[in-house]
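Asks: Sequences and hints are given; from them, build the entire structure.
At position 373 of the sequence shown (counting the first as 1) the number is 373 in the UniProt record's numbering, and the numbers step up by one without a gap.
Since the hints were made in silico from the structure, they are not lab data.
Fair warning: there could be bad hints in the mix.
Unchecked claim - Cβ pair distances, simulated, as ranges:
#, residue 1, residue 2, range
1, G9, L210, 51 to 61 Å
2, P366, G81, 35 to 45 Å
3, Q74, L400, 44 to 54 Å
4, S289, S58, 25 to 35 Å
5, L178, S289, 24 to 34 Å
6, T330, K300, 45 to 55 Å
7, G83, N153, 32 to 42 Å
8, T351, S289, 16 to 26 Å
9, T351, G83, 41 to 51 Å
10, R221, V385, 25 to 35 Å
11, E226, K300, 42 to 52 Å
12, N153, D107, 15 to 25 Å
13, L210, Q74, 46 to 56 Å
Here the structure is a predicted model, which is why all the values come from computation and not from measurement.
The C-beta atom is built at its ideal place from N, Cα and C for all residues, glycine as well.
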Amino acid sequence: MVIGGMNVGCVASYFGGKNILITGSTGFLGKVLVEKILRVQPGVRKLFLLVRATNDESARHRIQTEVTRREIFQVLREKYGNGFGDFIQEKVCPLAGDVICEDFGLDTAKLKELSKNMDIIVNGAATTNFYERYDVAFDTNVLGAKHMYAFANKCIKLKMLLHISTAYVSGEQEGLILEKPFIMGDTLRAGTHLDVESELNLIKHTKMELNANCATERAERKTMKELGLKRARHFGWPNTYVFTKAMGEMLLGHLEGDLPVVIVRPSIITSILKDPLPGWIEGVRTIDSVILGYTKQALKFFLVDPDAIMDVIPGDMVVNSMMVAMAAHTEEKVQTVYHLTSSVSNPTSYTTLQESGHRYFKDNPPRGENGEPIRLNNMRFFSTVVRLRAYIVIKYKFPLERKIQIGHASD
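Replies: Right under this line is the structure:
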């Protein structure tokens, strides 16, 4: 089989004997990547998984409970049987650290050892909450990218730095969106100029003011969330998440160094299509919250153009693309961007989601707390706010006002 001009066997063999640092391994996509490398290339030298923990023992516990003991490793467990634990211990090295800290908070000796031996870095650490606090999102998505790049520059034999971003850094656009890097200062709104350092200073100044005014934790959280949204929308991005991910990309292109960098921008990542477990997913992802709301009949209508394309892509396809990109661009001292999306090759509308979801749950009805099947009604889609408001008025406001009038009359 050939993918993008590369034989599948060549892609797998590329990772043989490599030392690979991965951040974000406890996330959905991180687990899929770790499992895939170990399954297709058991000859990989070592996977160093950087996780937030107080020490290496705590990091090891996190990797065991949040990564290698999860269902996605079922195929590997069956392959190695009783030797699975020994295989993981040999190939996986948990590291206690944090991308928001310079040098990840690692001591000098450990950092020096890592920098001498690292071949590949995959930066998947991110906070993906659309409406995260500005300071929290900035620390992980912007400064995290900066610290990762600084470490990469210390790695004397580094062949590849792959950074996971999101397709939605391009904002709300229609038509063909080019795979081009962000230049420092770029924004999505004409007449504005973005200075990353100024944004960091704004965050620091705002927090100092909050502390000076003895703001409560709740007030601080609210202020920082509102600040993130305000700054994002000022520059043309829809939310704090994609705004900070765009700034992280800018830093990768702006910082001094001459490294082989690949940036991948997936759209909405969904469950695994094929390997190792078809349909496997973990947690509630972006589009899943809509499906869950429908099954519980808590979400009866949705504001979206039913003919709009819902750009989703299975997690294993994203990981496959990442691995091909790393092998294809190894040691190329340039920055390459890939959009990992499905809207052109396999477009799926929200109407399709509605119809297929209703059909599936009709044959496989969810059950309530009493064990009885929940009767599902079709979800209504509204393409404009005007239509949604009109529906709410007719369906809910008028009946409620009538009940109030009858109640007053009976009094």
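Asks: Please go over all the hints and tell whether each is borne out by the structure.
Replies: Here is what the structure says about each hint:
| no. | hint | in the structure |
| --- | --- | --- |
| 1 | G9 <-> L210: 51 to 61 Å | 56 Å, holds |
| 2 | P366 <-> G81: 35 to 45 Å | 36 Å, holds |
| 3 | Q74 <-> L400: 44 to 54 Å | 51 Å, holds |
| 4 | S289 <-> S58: 25 to 35 Å | 31 Å, holds |
| 5 | L178 <-> S289: 24 to 34 Å | 30 Å, holds |
| 6 | T330 <-> K300: 45 to 55 Å | 51 Å, holds |
| 7 | G83 <-> N153: 32 to 42 Å | 38 Å, holds |
| 8 | T351 <-> S289: 16 to 26 Å | 19 Å, holds |
| 9 | T351 <-> G83: 41 to 51 Å | 49 Å, holds |
| 10 | R221 <-> V385: 25 to 35 Å | 28 Å, holds |
| 11 | E226 <-> K300: 42 to 52 Å | 29 Å, violated |
| 12 | N153 <-> D107: 15 to 25 Å | 19 Å, holds |
| 13 | L210 <-> Q74: 46 to 56 Å | 47 Å, holds |
Hint check: a violation occurs at hint 11 only; the rest are consistent with the structure.
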